[in-house]
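K.L.:
Spelled out from the first residue to the last, the chains are:
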Amino acid sequence: MEPKTYTTLEAFKPHFNALARGGYLKIMKPTSFKKPYFNAFCRVLVWFFVVLYNLQHLILVIQVRRSTERIVDILFILLTTLNTFGKQLAFNLRVHRIDKIIDVMNGVYFAATNRYHVDIMKENALAMYRILRLYHVAIFTCGILWTIFPLVNRALGENVQFTAYFPFDTAESPTFEIVLAYMSILITLQAYGNVTMDCTIVAFYSQAKTQIKMLRYDLEQLGKIDNIETKFTENIFERSSHIWKALKDEKIKIHSKLVFCVEHYRQIVWFVKEVESIFGEAMTVQFFVMAWVICMTVYKIVGLSIYSAEFVSMGVYLGCMLAQLFIYCYYGTQLKVESESVNTSLYCSNWLSSLPKVRRQMLIMMQYCSKPLTPRTAYVIPMSLETYISVLKSSYSLFTLLNQKH
Amino acid sequence: MMTKVKTQGLVTDLMPCIRLLQAAGHFLFNYHADTSGMNMLLRKIYSSAHAVLIVVHYICMGINMAQYKDEVNELTANTITVLFFAHSIIKLAFFAFNSKSFYRTLAVWNQSNSHPLFTESDARYHQISLSKMRRLLYFICGMTVFSVISWVTLTFFGESVRMIASKETNETLTEPAPRLPLKAWYPFKTMSGGGYVFAFIYQIYFLLFSMALANLLDVIFCSWLIFACEQLQHLKAIMKPLMELSAALDTYRPNTAELFRVSSTDKTEKVPDAVDMDIRGIYSTQQDFGMTLRGAGGKLQNFNAENNPNGLTAKQEMLARSAIKYWVERHKHVVRLVASIGDTYGTALLFHMLVSTITLTLLAYQATKINGINVYAFSTIGYLVYTLGQVFHFCIFGNRLIEESSSVMEAAYSCQWYDGSEEAKTFVQIVCQQCQKAMTISGAKFFNVSLDLFASVLGAVVTYFMVLIQLK
Chain G
52 MEPKTYTTLE AFKPHFNALA RGGYLKIMKP TSFKKPYFNA FCRVLVWFFV VLYNLQHLIL
112 VIQVRRSTER IVDILFILLT TLNTFGKQLA FNLRVHRIDK IIDVMNGVYF AATNRYHVDI
172 MKENALAMYR ILRLYHVAIF TCGILWTIFP LVNRALGENV QFTAYFPFDT AESPTFEIVL
232 AYMSILITLQ AYGNVTMDCT IVAFYSQAKT QIKMLRYDLE QLGKIDNIET KFTENIFERS
292 SHIWKALKDE KIKIHSKLVF CVEHYRQIVW FVKEVESIFG EAMTVQFFVM AWVICMTVYK
352 IVGLSIYSAE FVSMGVYLGC MLAQLFIYCY YGTQLKVESE SVNTSLYCSN WLSSLPKVRR
412 QMLIMMQYCS KPLTPRTAYV IPMSLETYIS VLKSSYSLFT LLNQKH
Chain C
101 MMTKVKTQGL VTDLMPCIRL LQAAGHFLFN YHADTSGMNM LLRKIYSSAH AVLIVVHYIC
161 MGINMAQYKD EVNELTANTI TVLFFAHSII KLAFFAFNSK SFYRTLAVWN QSNSHPLFTE
221 SDARYHQISL SKMRRLLYFI CGMTVFSVIS WVTLTFFGES VRMIASKETN ETLTEPAPRL
281 PLKAWYPFKT MSGGGYVFAF IYQIYFLLFS MALANLLDVI FCSWLIFACE QLQHLKAIMK
341 PLMELSAALD TYRPNTAELF RVSSTDKTEK VPDAVDMDIR GIYSTQQDFG MTLRGAGGKL
401 QNFNAENNPN GLTAKQEMLA RSAIKYWVER HKHVVRLVAS IGDTYGTALL FHMLVSTITL
461 TLLAYQATKI NGINVYAFST IGYLVYTLGQ VFHFCIFGNR LIEESSSVME AAYSCQWYDG
521 SEEAKTFVQI VCQQCQKAMT ISGAKFFNVS LDLFASVLGA VVTYFMVLIQ LK
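Chains as they are written, first to last, in the numbering used here: chain G, 52 to 457; chain C, 101 to 572.
Think of the hints as simulated: they come from the structure by calculation, not from any bench. There's no promise every hint is true.
[Unchecked claim] Subject to a maximum C-alpha distance of 27 Å in a straight line, what follows is the list of computed DSSO-like cross-link-like pairs (lysine-lysine):
{"no.": "1", "chain 1": "G", "residue 1": "K151", "chain 2": "G", "residue 2": "K456"}
{"no.": "2", "chain 1": "G", "residue 1": "K304", "chain 2": "G", "residue 2": "K456"}
{"no.": "3", "chain 1": "C", "residue 1": "K537", "chain 2": "G", "residue 2": "K351"}
{"no.": "4", "chain 1": "G", "residue 1": "K324", "chain 2": "G", "residue 2": "K308"}
{"no.": "5", "chain 1": "G", "residue 1": "K456", "chain 2": "C", "residue 2": "K336"}
{"no.": "6", "chain 1": "G", "residue 1": "K387", "chain 2": "G", "residue 2": "K64"}
{"no.": "7", "chain 1": "C", "residue 1": "K525", "chain 2": "G", "residue 2": "K422"}
{"no.": "8", "chain 1": "G", "residue 1": "K304", "chain 2": "G", "residue 2": "K275"}
{"no.": "9", "chain 1": "G", "residue 1": "K324", "chain 2": "C", "residue 2": "K169"}
{"no.": "10", "chain 1": "C", "residue 1": "K537", "chain 2": "G", "residue 2": "K324"}
{"no.": "11", "chain 1": "G", "residue 1": "K422", "chain 2": "G", "residue 2": "K324"}
{"no.": "12", "chain 1": "C", "residue 1": "K340", "chain 2": "G", "residue 2": "K408"}
{"no.": "13", "chain 1": "C", "residue 1": "K525", "chain 2": "G", "residue 2": "K275"}
{"no.": "14", "chain 1": "G", "residue 1": "K422", "chain 2": "G", "residue 2": "K408"}
{"no.": "15", "chain 1": "G", "residue 1": "K304", "chain 2": "C", "residue 2": "K525"}
{"no.": "16", "chain 1": "C", "residue 1": "K525", "chain 2": "C", "residue 2": "K432"}
{"no.": "17", "chain 1": "C", "residue 1": "K432", "chain 2": "G", "residue 2": "K275"}
{"no.": "18", "chain 1": "C", "residue 1": "K537", "chain 2": "G", "residue 2": "K422"}
{"no.": "19", "chain 1": "C", "residue 1": "K525", "chain 2": "G", "residue 2": "K308"}
[As the list claims (entries may be wrong)] Derived list of chain G stretches under chain C, where covered just means 3 residues or more per stretch with a C-beta under 8 Å from a C-beta of chain C:
{"no.": "20", "region": "99–106"}
{"no.": "21", "region": "391–404"}
{"no.": "22", "region": "428–441"}
Every value quoted in this text rests on a predicted model; they were computed, and no experiment measured them. Idealized CB from N, CA, C, for every residue including glycine.
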C-alpha cells in the first residue's frame, strides 16, 4: 500500500485558513480557502475598522488624560489592540519572507521520508490544530462575556462608559446597543486575529521542533547494520563477503546520509532565525505589553473583593495574557530541549563501526550542534519556561508586597 | 512465605524498596512470584483500602480547614498541614497513573553487556551502588519513623487548643480542641473516650503511611540515580586500562600488565576458525560476529597495516576493539536509563516543587510569629526542616548525576589518549564532545534538579522571612 505523501504544510492549513477567513492575511499556499475577491474585500474592511477602532481609543485617552483611573482602563484595551495591530503589520508587510519560509518547508530537507517521520508530523499537526481550536473557543467565550457585562451593569443602573471616543452620546437606548455591538464585534475580531497569529507563530516553532525530531531519528539510524540486507547462504565465506560488500556500499551511503543531516540541520537553524527575525518587533511589543498588563491587573486586583464582576473580568483577562505567554514559552523550551538532544542522537548512532575519517565528520557536526537553538524575544529574553516562571514569581511578589502595604 | 520471584537488573537491586512500596499501599502489582487471580485481587483490595483510608482522612482534614477558614492563624496552620500531606496523595495518584513508565524504567537495565576484562570492575561498582541504595533506604525509613514518633510526642506537650479571634473584643480566645496529632473533622465525638482512642490510632496510621508513601517513591528515584552514578564511576575507572589496551594495537608499548593478563585469563586458546562460529566465550552481542573474520577487526575498518607491531593474536586484537565497543554501549545504556528516569519522574518532581514552594512561603510567614521555645516553635521548625529535607533529598542526587556525567570527560582526557590508535583518539574525541553536556534530570522541563534549585528555594524562603519580619 502506497502511503499518500504527507506534506509538511498540513500542520499550517487550519491556521492560514483562519487568517484568510478573518481577513488578516492574503491567501497563502497551504490554504484551502479559495475566494480571492472576498478575501481582498475582507482585508480592506478589517484594516479600515482596526485603524478606526485604535484611533477612537487614542482620542479618548488624550481627552481624559487628567484622570489616571480612566487612562488605565482605556490602556488595557488599547495596548492589546495595538499589539494585535503590530502583529498584523508584521504578517502583511513581510509576507514575501513568509512565502520563502513556506517554500523551504516544501523543500527536500523538510519532507518526510519514512513512516516515523509521517507519524510525528501528524502528531504535531494534531496538537497545533487542537491548540488553535481551544484558543478560538476561549476567545468567543470571552467575547460573549465582554458583551454581557456592560449589559448587566446597565441593567443594574450603573453608568457604563465605553473606552472609545464617539462624537455622539451613547447613553440612550438604541445607540447604546449599537455601539456595544460595534465594540464587541471589533474586539472579538481582533482577539480572533491575535490568537490565530500567535498560534501560527507557535506552529512555526513547533514545526522546527518536529524537524529536529526527524533529524534525530535519521542520525540514530546512521550506520545501523540491521538495515543491511544480505543473502542468506550456508557458506560462511560467501556470507561474510556479502556483508563486506554491503558494508562498503553502506560506507558510501553513510557519508551521503551524514551530508543530508548536516544540511537539514543548517536549514532548521536558518528557519528558526528567520522566523525570529520576521516577528521580532511584534514579539518585543507583545512582551512589554504583557508585562505592563500583568502589573496593572495585579495592582487593580489587590483592592477588589473576590466576588465582584470586575474581579472576575480582570481575572479572566489576566488568565488570557498568561495563557498567551505560556504557549510561546512552552514551545520555545520544547525546541531548545530537542536541539540539545541532537548530540545524544548522533552519539547513539553506530559511529563505532565507522572509520576515524567518518568519525571526524560526525565530530564536527557534534560541535556545531552542541549550541542549542533558543528562540529569543527582543534579543535578550529567551522564550523558555524559566522566563515564564520568573514572570509568575515577580507578579506574585508584586501582589504580596502591594497586599501587605494595603 | 512466597516463592522467590525471578528478577533481574534494577528490580533485583531495588527489591526491598519495591516490597516496602507494596506494603505501604502503592498500586504496584508486578514482581510477585504468584500471579494467580485470587492473590492479585487481594493485593488490589489491599492497595485500594489504603488509598481509601488515606483519602478519607485527607478529606476530613480539608473539612476542618473549611470550617475554620475565618480564623487567619487557624487557616494558615491548616493550609500548611493540608499541603504537607498533599504530597502523599499526589504521589499515590501519580504512581497509579504512571505505573507503566515506572515498570519500563525498572526494566531498562535487564539486559546489560559484559566484557571479560571488565567484569571485576563492573561487579565492584555494582556492589557499591547496592550498598549505597540500602543505606539510603534505611536512612529514609528511620527518618520517617522518627518524624512520626516526634510528631506524636509533641502532641502531648503544650495546650491542645484552637485560637479563635473573638469578634467583639478583638482578642484571641482559646477554644479546647482534642489532643490529637492532626486537626481534623470527625463525625463522632473525639474529646475523650472511645472516639478519641480510635481517632488517635487512625491518625498514627495516617501519619506513618502517608509519609511512607511519599518518601519511598523519592527513594526509588534517588536509588535509580545512585545506580546511574555508579555505572558512570565504573566507566571512568575502566577508561585508563581501555586506552592502554588499545594503545597496544598500533604502537609499541613495553609489557603492560594488561597484555599479559589478556593472554593468561584465556581459558580456551581457540582462535576463531573460519568455519567455526562458536566464539560466544568472548562476545555477548550479536553484532560482534561481523568482526570475527579476516582478522582485521572492525566492520568497516580497513587498516592498511594488517599486522600490528606487537604481534598480538587476532583474538587479542578483537578483545581490544570489543573493549571500546563495551565502553560505548555501556555509556549509551546509561544515557537511555537517565532519559527514562527523567521521563518517568519529571512530572512528579514538578508537582512536588509546586506544593513545596507554596508550603515554604506560608511557613516563612508562620515563622515570623515564633515568640519563644514552645510547641509552636518546634512544630514550625519541624515542618520547615522536613520540607526542606525532602527537596534536598532529590536535589543532592540530581546534582551528583550532573557532576559524574560531566567528569567523564576529565577521565577521558587524563588517560594516555595520545598513545592510542586513530580509532581510540576519535573515540575519546566523540566521548568528550558528548560528555560536555551533563546529563540532567528536569522537572518536566521547567527546572533542572540540582543543588542550584535547592539554593534558590532556600534563598527564597529566607528572603520572604526577612521581608515579612521587616513589615511586621
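K.L.:
Could you tell me which of the hints above the structure violates, numbers in ascending order?
P.N.:
1, 2, 3, 5, 9, 20
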